[in-house]
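We have chain X already, so just place chain U with the ligands on it with the hints.
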Amino acid sequence: MIETKSNITQTLLDQLQENAPKVDFMPDTEIISAIRYLEEKGIPNNKHEDYKYCNLEAVLRKEFKSVEQSFNELTNADIAPLKLDEAINLVVVNGNYNEALSEKMIVKGLTVKSLNELSASEKILLSSQAKSDTDALIALNAAFTGNGLFLKIETGNIIPMPLHVIYVNSGSSNIVSNTRSFIHIGASADVTLVESFFNIGTGKVFSNFVSEKFVGENAKLTCHTFQNEGALSYSVNTNQVKINKYSNYSNTTMTLSGELVRNNHNVVLADSNCEAHLNGLFISNGTQQIDNHTLIDHQMPHCESNELYKGIAKDKSIGTFNGKIFVRKDAQKTNAYQSSKNILMSDDAIINTKPQLEIYADDVKCSHGTSTGKIDTEALFYLKARGIGEESARKLLLQAFAQELIDKIEIPSLQERVLHLFEKAL
Amino acid sequence: MISIKNLHASIGDKEILRGINLEVKAGEVHAIMGPNGSGKSTLSSVLAGREDYNVTEGEVTFNGKNLLELSPEDRAREGLFLAFQYPVEIPGVSNVNFLRTAVNEIRKYHGQEEMPAKDFLALVKEKSKLVELDAKLASRSVNEGFSGGEKKRNEIFQMAMLNPKLAILDETDSGLDIDALRIVATGVNKLKSKDNATIVITHYQRLLDYIVPDFVHILYKGRIVKSGGKELALEMEAKGYDEIKAQFERIES
Ligand SMILES: Nc1ncnc2c1ncn2[C@@H]1O[C@H](COP(=O)(O)OP(=O)(O)OP(=O)(O)O)[C@@H](O)[C@H]1O
Ligand SMILES: [Mg+2]
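Here the protein sequences line up with chains X and U, keeping their order.
Here my numbering is used: the first residue of the first sequence is 109, the next is one more, and so on.
Here my numbering is used: the first residue of the second sequence is 2, the next is one more, and so on.
Among the hints, erroneous ones may be present.
Computed cross-link-like contacts, DMTMM-like style, restricted to lysine to aspartate or glutamate with a CA-CA straight-line distance of at most 25 Å [as the list claims (entries may be wrong)]:
1. X:LYS239 to X:ASP158
2. U:LYS137 to X:GLU512
3. X:LYS422 to U:ASP53
4. U:LYS166 to U:GLU70
5. U:LYS166 to X:GLU486
6. X:LYS449 to U:GLU145
7. X:LYS353 to X:GLU466
Derived by calculation from the structure, the hints in this document are not laboratory data.
This is chain X alone, in the form it adopts within the complex (with noise of 0.2 Å):
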């Protein structure tokens, strides 16, 4: 055989399936269609539109040509640095829902189980926005996915303190490894949900996550997504978020590590009168490549939706922001605006940004701005000539500019480790 781009991903699928997680909830016809789909499409490369910048063949042709599914047992010692101090702390380890290492708490109106324990009923929705037969990443997903998180919030209750979900990978060789959440959020009910991102083991991880949210009428969601995977990982995650009437979807992304991240955000805003906020930093060095792809899709009138992603690129760090927003026919009166802002912290550093608005109804206000620049120069002096080093300067500039951002995470122990990082990476 000639060495052809499917090949790549038809390597991956046989080391893959060789020992595939066995799960209920993912029926046969799936898993068959989703290989289908992978086999004839391959993972995607940079003369796909979407991943233009971001080659995921390249990296697993080059980091991932074997792929050993070495997984490593984790312990109560391990996941204990990984909690958050105000929260419920749940954990998923390669892909799978721990209950012996996650809190046990009793809430009123909150289930926490294994993907394999859902009910039929709970069964629904589940692949209904995250579809394999549209996106080669997410087929990857459930063909291979592991027995990962279900979390319901039932109609009309407010969770008093946030849920943190960990997702920790961990292998002693490369691996694969394929997460997968289904969070729904019943009609009013109300809760802070924290997902975190680590990679703890010695080697290397192609870490393939989906999530697909679901906000009930009148509902609130607000989530904290924090990245720390460490040089060892590239990730793909992708949130199919789906709205409703009235409810309020928020997300910030914080991404402080991972030689590879892509994120590819994608909110629905199925019904009338619903908001969506999403906002995300990321400060990057060395080789990384960050990349944000959001897909905010207004099809019903008096939505408004909100986007503030903020990058700060160092050394041969590259990052993208992709902004998708549609604007239906019948969603009038829509508010959407977008702005993505970065900073270029040295010559061989690379920001790309790409605004797409499609717009089909007429009464709308939609705005969208980018600007990628170096550190302001002025500014920069008038610090230097009141006695401040540059470089304290220069933090205090940066950290000036991720401030808004920062603001965002309403959880005193979370903005602690998100600033800590932060402020070490600058």
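Okay, now just chain U with the ligands, sitting in the frame of chain X:
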């Protein structure tokens, strides 16, 4: 305090300072006047260490040190202070945090411990009173959304906090209302001692009514073309720069 000899500076291939000589001793107040674009702000920027300008000739000694060899931050740490003609807005950096960093970096340079938080806050309180700066402004982002006058007041507040040896005030009076002018000038006078010195750049005598200069210099086309006592400022105010300009053009040609 500071001794400037034959200072030439240019930006690109445009020479802006064309041989400045100036000697300022401790305890003195010098005023620099001169038409727009004559190079007053350029002189203060070059002294403060702005990198956009190339010093092509001359030397500057500041308390025995070669000023031109020092980084901008070290110049400040050595006691040079520039009150900017156009203070910069720095969104997201609070005035207090900014000043605490400045105070402590200057102390570190001199081998001193960080200032205890309590002492620092007491100092902020004392010095903001000196220029009657609204306490709320201290906690806001540096100059962000400040009115023109508030920015100028904030410059003098910073000067009071850092207690420099040589302060250069670049048109600190512009944009101040009559009361603010008196307050700021009184503040500057209170900070004056026999050990420090002040260079005031201004277009107007009214500031010099409060901050009375020992010497007045007229800068024109990058050179000090005339120096005198405080009466020179009054003379300029009465007559304007025409005579000086004409005289200078004659010499040039
Ligand atoms: N960055 C720069 N690039 C080009 N020209 C400059 C730059 N900075 C200053 N100049 C020029 O140098 C000359 C002197 O400017 P400077 O600001 O020093 O004048 P000034 O005496 O302070 O004037 P004013 O009274 O208006 O404040 C002006 O002609 C100005 O246009
Ligand atoms: Mg000027």
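Check the structure against each numbered hint from earlier and tell me which ones fail, lowest number first.
none
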